[in-house]
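S.K.: Below, each chain spelled out in residue letters.
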Amino acid sequence: MAEAEIKVAKKESSDPASQYRAAFRYMLLARTFEERTASLYRAGKIVGGVFMGKGQEAFSVGLALALDKEREDIYGPLIRDQAGRLAFGEQLIDAARTYLGSVKGPMRARDGNVHRGNIHDGMIPMISHLGSHISVVSGRLIGKRFNNKSNFVGGVCIGDGGTSTGAFHEALNQAAVEKLPLVVAVADNQFAYSTSTERQFACKDLVDRAIGYGFEGYSIDGTNLDVCLETFDKAVNRAREGHGPQLVIGHLLRLCGHGEHDDASYISDERKKQAFGGDCLQIAQQHLLDSGISNKIEISQWTSDIVKQVEDATSAAQREPGPDPFQETWQALSTSHLSEGNATT
Amino acid sequence: MAEAEIKVAKKESSDPASQYRAAFRYMLLARTFEERTASLYRAGKIVGGVFMGKGQEAFSVGLALALDKEREDIYGPLIRDQAGRLAFGEQLIDAARTYLGSVKGPMRARDGNVHRGNIHDGMIPMISHLGSHISVVSGRLIGKRFNNKSNFVGGVCIGDGGTSTGAFHEALNQAAVEKLPLVVAVADNQFAYSTSTERQFACKDLVDRAIGYGFEGYSIDGTNLDVCLETFDKAVNRAREGHGPQLVIGHLLRLCGHGEHDDASYISDERKKQAFGGDCLQIAQQHLLDSGISNKIEISQWTSDIVKQVEDATSAAQREPGPDPFQETWQALSTSHLSEGNATT
Amino acid sequence: MSITYLEAIQAAQDKALEDNESVYIYGQDVGSFGGAFKATKNLAKKYPGRVIDAPISEDAMVGSAIGASAEGMRPVLEMQFADFSTVAINQIGNQAATQFWRTGVPCPITVRLPSGGTEGGGPFHSQSMEAIYAQYPGLIILTPGTVEDAYSMLLEAIEIDDPVIFCEHKYLYYHLKADRLPHKNLPVGKARIARAGKHATVVTYSAMLHEALLAADGLKEEGWDIEIVDLRSIKPIDTDTILASVARTGRLLCVSEAFPWGGVNAEVISRVTSEGFHLLDAPPQRLNAKDTPIPFHPDLWKTHRPTSQAIASSLRNLLRY
Amino acid sequence: MSITYLEAIQAAQDKALEDNESVYIYGQDVGSFGGAFKATKNLAKKYPGRVIDAPISEDAMVGSAIGASAEGMRPVLEMQFADFSTVAINQIGNQAATQFWRTGVPCPITVRLPSGGTEGGGPFHSQSMEAIYAQYPGLIILTPGTVEDAYSMLLEAIEIDDPVIFCEHKYLYYHLKADRLPHKNLPVGKARIARAGKHATVVTYSAMLHEALLAADGLKEEGWDIEIVDLRSIKPIDTDTILASVARTGRLLCVSEAFPWGGVNAEVISRVTSEGFHLLDAPPQRLNAKDTPIPFHPDLWKTHRPTSQAIASSLRNLLRY
Ligand SMILES: Cc1ncc(C[n+]2csc(CCOP(=O)(O)OP(=O)(O)O)c2C)c(N)n1
Ligand SMILES: Cc1ncc(C[n+]2csc(CCOP(=O)(O)OP(=O)(O)O)c2C)c(N)n1
Ligand SMILES: [Mg+2]
Ligand SMILES: [Mg+2]
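Chains as they are written, first to last, in the numbering used here: chain A, 1 to 345; chain B, 1 to 345; chain C, 1 to 321; chain D, 1 to 321.
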């Protein structure tokens with residue numbers, strides 16, 4: 001199965017070319033899967049919001065590939081990190097199950113879509129309140145330190161808009177005070193929903209915040225896969241080696257609506273032609289061809305493999321049962337004897 | 001009355017020497033008054049916390065003197081800003097009333113001590129949750145802008161510890177996005193209660209945060225009155241002239257416990273000998289003498305005037321009635337007909 | 001002509017902006033985009049500079065509105081979803097709500113909370129937070145359940161000199177329509193008999209009003225006449241109207257979409273049993289959402305919240321007592 | 001030997017740190033300073049690296065505890081005052097409380113809230129927030145009213161696999177003393193008959209327990225035997241013990257220091273009237289703080305909260321019914 005193959009490529013080889021190839025395929029898989037979820041959404045097969053990572057796959061995959069589950073690294077993705085989730089090790093079927101309401105998904109249809117995660121596997125299941133997952137990732141690192149573990153890193157994702165939350169600030173400051181091996185990846189995609197960055201912050205570049213927290217900072221072209229891989233590799237290594245928290249700002253453009261309900265008509269065509277307005281997937285593909293790291297035939301083979309994987313996963317998930325309300329325990333507590341059940345209704 | 005005289009000095013003269021003299025007297029008045037509240041607290045005459053501005057008077061008065069009530073400037077003091085409050089125009093009797101539970105105080109004994117303010121007069125009555133008053137000051141400025149006013153400035157105070165709150169971050173970012181004429185004065189007094197700054201933030205100097213918000217920044221010796229007056233003068237003018245928000249960090253040391261219940265034994269004597277460990281009041285007094293701006297006789301006259309003022313205010317407030325629970329309306333709403341009164345009890 | 005609950009909210013804001021120069025709107029994406037639900041559609045264009053996009057800073061949004069109100073402004077805040085107001089609860093409950101009592105200066109701000117569950121909303125886009133805010137002294141909490149109320153009560157909210165939490169229900173946004181907007185309507189503070197009956201009283205509000213009406217229609221065929229009280233505001237609560245209804249029917253069922261512990265149902269039952277104990281011919285009952293987070297999957301969600309079927313079944317039990 | 005309520009809390013944390021390596025304490029000034037109230041006195045020294053000063057970042061404090069708990073830790077958080085937990089309510093109510101239900105992974109964190117009023121505390125250092133947290137599914141809310149409970153319930157809280165909000169009352173810190181700490185005690189989830197009686201039941205908890213006991217002593221002289229139920233935990237509520245008491249007395253008064261709307265009193269009355277309607281010989285009554293912020297001045301404060309006099313007067317009315 002191609003998916004497994006991608007993972008092998010990630011783990012076994014540290015040479016840049018193989019890494020690039022693996023990264024590209026995660027990006028392509030994410031893009032293909034998300035386009036499928038978008039059409040399932042339009043067909044009324046998916047409820048809730050569908051948020052795509054279109055244009056951010058290189059930045060997303062960059063962080064996730066630099067993390068290492070075998071060292072117990074922690075990953076805190078957000079709504080546009082399908083590529084990173086897959087690269088971190090998410091099974092495509094679990095993503096499909098969550099979108100399609102299968103009870104076999106990691107959230108058992110209790111929560112949906114981008115809110116999935118796997119706590120034991122180190123992937124934080126985000127709640128919606130932006131910024132609030134960062135300190136949770138920090139807590140995982142604090143916990144590991146208490147347990148005398150070492151060499152672990154936490155990577156966490158947020159958008160330009162999310163940086164305006166109090167939770168973001170408290171978490172970054174706390175991580176710096178605790179000198180945690182935390183890498184914060186800010187995808188500055190120029191918009192928070194319809195709000196462009198001039199209405200979101202007033203510094204020149206969000207990387208200007210690094211110094212104020214005592215973070216090491218990087219400001220990069222988030223549409224360039226090579227740059228993303230290299231920067232996150234460096235930032236994750238710096239964190240792992242004890243240099244404290246790292247802030248990576250990726251400049252790019254959201255190439256879709258906020259969600260699939262949004263036509264993004266407020267994003268002008270000029271914007272797309274400006275710096276960082278390009279499509280990281282196309283750019284990476286061009287680089288594969290230009291550099292000879294891959295070729296048209298291979299890419300088209302990857303593409304058809306991926307299309308099949310996506311088809312398999314979504315149709316399998318669609319065949320799976322939804323949740324049965326009568327089988328649900330309807331208990332929010334793990335301590336059953338203290339659970340009130342329906343005492344109050 | 002000496003108090004009124006100080007105010008005249010502030011308004012009428014912009015020459016540095018008179019300003020310095022006025023500032024010094026506000027500092028001395030604040031120090032004297034606070035020492036009196038401390039002893040009333042120890043005598044059981046004041047309930048709730050008594051927090052002193054000892055060591056921060058120069059920094060506090062610096063901001064307040066730069067503000068101008070006639071231009072409708074807004075002032076948002078915090079717990080250690082007795083000096084600033086007086087310089088902004090607070091009547092000493094109102095401070096005394098609030099501490100001593102007189103119903104004639106601005107908070108009518110409903111709220112106490114440092115929580116007093118006067119909304120119509122532009123002085124924000126702080127709630128306890130640190131950081132939350134900053135956006136309220138910003139809102140005043142936004143409101144004035146809507147009302148087509150101009151030339152106003154907001155000055156707001158916070159401590160080193162308060163910078164760790166989410167509210168602080170959201171407010172600073174918002175002020176920068178709105179390009180408000182806001183001056184944020186951070187008194188870095190090396191401690192938040194017992195917690196020293198290494199456990200509070202990890203940047204070298206909190207002024208490093210200015211750039212990340214798009215503020216203009218200043219890092220100053222908060223024990224030097226001259227420097228404080230000059231810096232705030234500049235920052236307030238920059239804000240007034242449309243250069244957007246300003247962040248002033250004052251380095252100093254809290255020369256007392258967190259509150260009067262705290263002996264501050266965790267603050268070492270060495271700390272007091274280090275840079276910024278000095279007493280701004282003593283330093284200012286020395287400067288008055290050295291420079292010939294004042295002299296021993298005048299200072300001792302000021303001192304005895306001030307002691308009398310403080311005595312008059314506290315003893316007057318003590319003679320005033322406390323609140324009468326049976327005269328209270330016990331309604332939290334201004335819209336009486338929607339107030340439930342005791343519907344629920 | 002026909003107008004939806006959502007359009008009524010847009011129209012009320014339009015009228016408030018038109019009538020009163022002190023009104024402005026502040027919230028994420030409320031400007032040229034017109035808001036996540038289009039509740040401020042066209043307003044930024046029509047009222048330049050008065051409908052303003054906010055950063056994702058709910059605490060600062062509310063804090064600044066409090067300050068602006070002291071300058072004579074009447075800010076209307078849109079939370080993108082009620083759930084996100086959680087991070088502003090300190091400014092709402094501790095800063096805005098206490099200001100008048102502490103200082104004598106009123107704080108006329110309106111906070112719009114797009115509330116309640118919809119299919120696929122999940123745990124963080126579905127909450128009904130009215131009962132959490134109602135615990136704070138100094139707030140008025142409105143929960144309109146009709147198009148007419150959405151309009152007239154929002155206009156009133158903006159005029160009220162105290163902080164108002166305006167809980168508009170997302171499920172009603174598109175589903176609920178009226179022929180026209182009212183010129184006059186019941187004032188805030190008064191409950192409405194949404195359906196006259198004699199065998200039992202249902203006290204409810206917001207989207208549950210419509211589930212209750214459906215349940216009552218069904219029971220009509222079984223020979224039962226159910227009276228339905230639409231609270232309209234849950235702080236204050238119009239206890240007199242409730243007691244009068246219970247006096248007529250002798251039976252009480254309270255229905256709310258919020259979590260079960262405490263909340264509107266418990267508050268109503270406590271008032272009725274304390275002041276109208278003798279009016280009751282049967283133990284008062286209540287129906288809430290279940291005591292778990294709100295599920296994402298539509299099948300779970302339908303079980304989690306009270307539905308017309310669940311209300312009918314509770315009513316049958318109550319009537320049989 | 002005699003030990004205060006506050007010392008019991010310190011002792012419980014000492015024992016928890018001693019017995020279980022996974023326990024750590026995090027909060028402002030809890031380290032070498034021993035906490036604003038000295039509830040962690042000496043612990044930083046005794047357990048190096050496990051009692052940690054936090055920045056003034058309540059949201060991040062709770063968020064990080066949630067993460068650490070997923071690594072097998074059992075964090076105990078101290079909020080400096082309950083009131084300041086307001087800015088962490090999102091992490092508590094939406095992140096911690098939903099985790100088990102969403103993912104199946106428990107979230108064993110304990111959040112200590114120094115709660116309730118004292119002389120001069122004022123609006124922001126006096127709040128009783130238990131009823132706000134109780135509305136969130138997924139939390140356990142403890143409200144110890146005795147030295148013994150402060151100790152044993154805090155130890156239990158730290159062992160419980162769910163997020164526990166531990167509401168300790170500041171007024172009891174120094175006022176309340178016991179001879180020794182218990183080896184065994186009633187488990188969490190059980191209410192206690194704090195005083196046996198036959199004429200009326202008072203259901204209460206935390207500091208109000210002692211006001212109620214005083215009132216009952218006074219009424220004894222008037223010939224009335226008041227039974228007092230100490231809830232101990234307000235989520236869950238031990239409804240059975242309450243119903244059994246009401247069955248004995250036929251009369252119910254609920255007393256809480258929290259704000260009046262909704263809350264513990266309303267919840268208890270709703271349960272009793274729904275399940276034990278026939279047991280009641282009189283309308284159930286409740287007594288809360290007033291619906292305003294909590295006043296600073298001691299004279300106002302004493303009128304704002306229920307006192308033994310107010311309780312006695314309510315009881316007399318109830319007994320006369
Ligand atoms: C605290 C909070 N407020 C509001 C929202 C609603 N919301 C969801 S996504 C979004 C925009 C996020 O923008 P950004 O952080 O730039 O991420 P992007 O969507 O661009 O990836 C908003 C406002 C939220 N999730 N959390
Ligand atoms: C949100 C919040 N958390 C906790 C507190 C309790 N508290 C009051 S003052 C204080 C220390 C403040 O330190 P700093 O900001 O440095 O001001 P300073 O006392 O040094 O002037 C703390 C923790 C609070 N007031 N608000
Ligand atoms: Mg963005
Ligand atoms: Mg300080």
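Honestly, the hints are just simulated from the structure, not real lab data. Don't take each hint at face value.
Example chain C residues on the side facing chain A (calculated, C-beta under 7 Å, incomplete) [stated by the list, open to error]: (1) Asp59; (2) Glu119; (3) Phe124; (4) Leu186; (5) Thr292; (6) Leu319.
Output of the computed footprint for chain D on chain B, the stretches with three or more beta carbons under 8 Å from beta carbons of chain D [claimed, not checked]: (7) 162 to 175; (8) 188 to 197.
Beta carbons are placed, not taken as given, at the ideal position from N, Cα and C, and that holds for glycine.
S.K.: None of the hints should be skipped; say for each whether it holds.
M.R.: Results of checking the hints against the structure:
1. Asp59: Asp59(C) check passes; min Cβ-Cβ to chain A is 6 Å, inside 7 Å.
2. Glu119: holds (5 Å)
3. Phe124: holds (4 Å)
4. Leu186: Violated, about 30 Å.
5. Thr292: Hint holds; Thr292(C) Cβ to chain A Cβ min 4 Å, cut 7 Å.
6. Leu319: Violated: closest Cβ of chain A sits about 18 Å from Leu319(C), beyond 7 Å.
7. 162 to 175: holds (count 5)
8. 188 to 197: holds (count 4)
Consistency with the previously given hints fails for numbers 4 and 6, ordered from lowest to highest.
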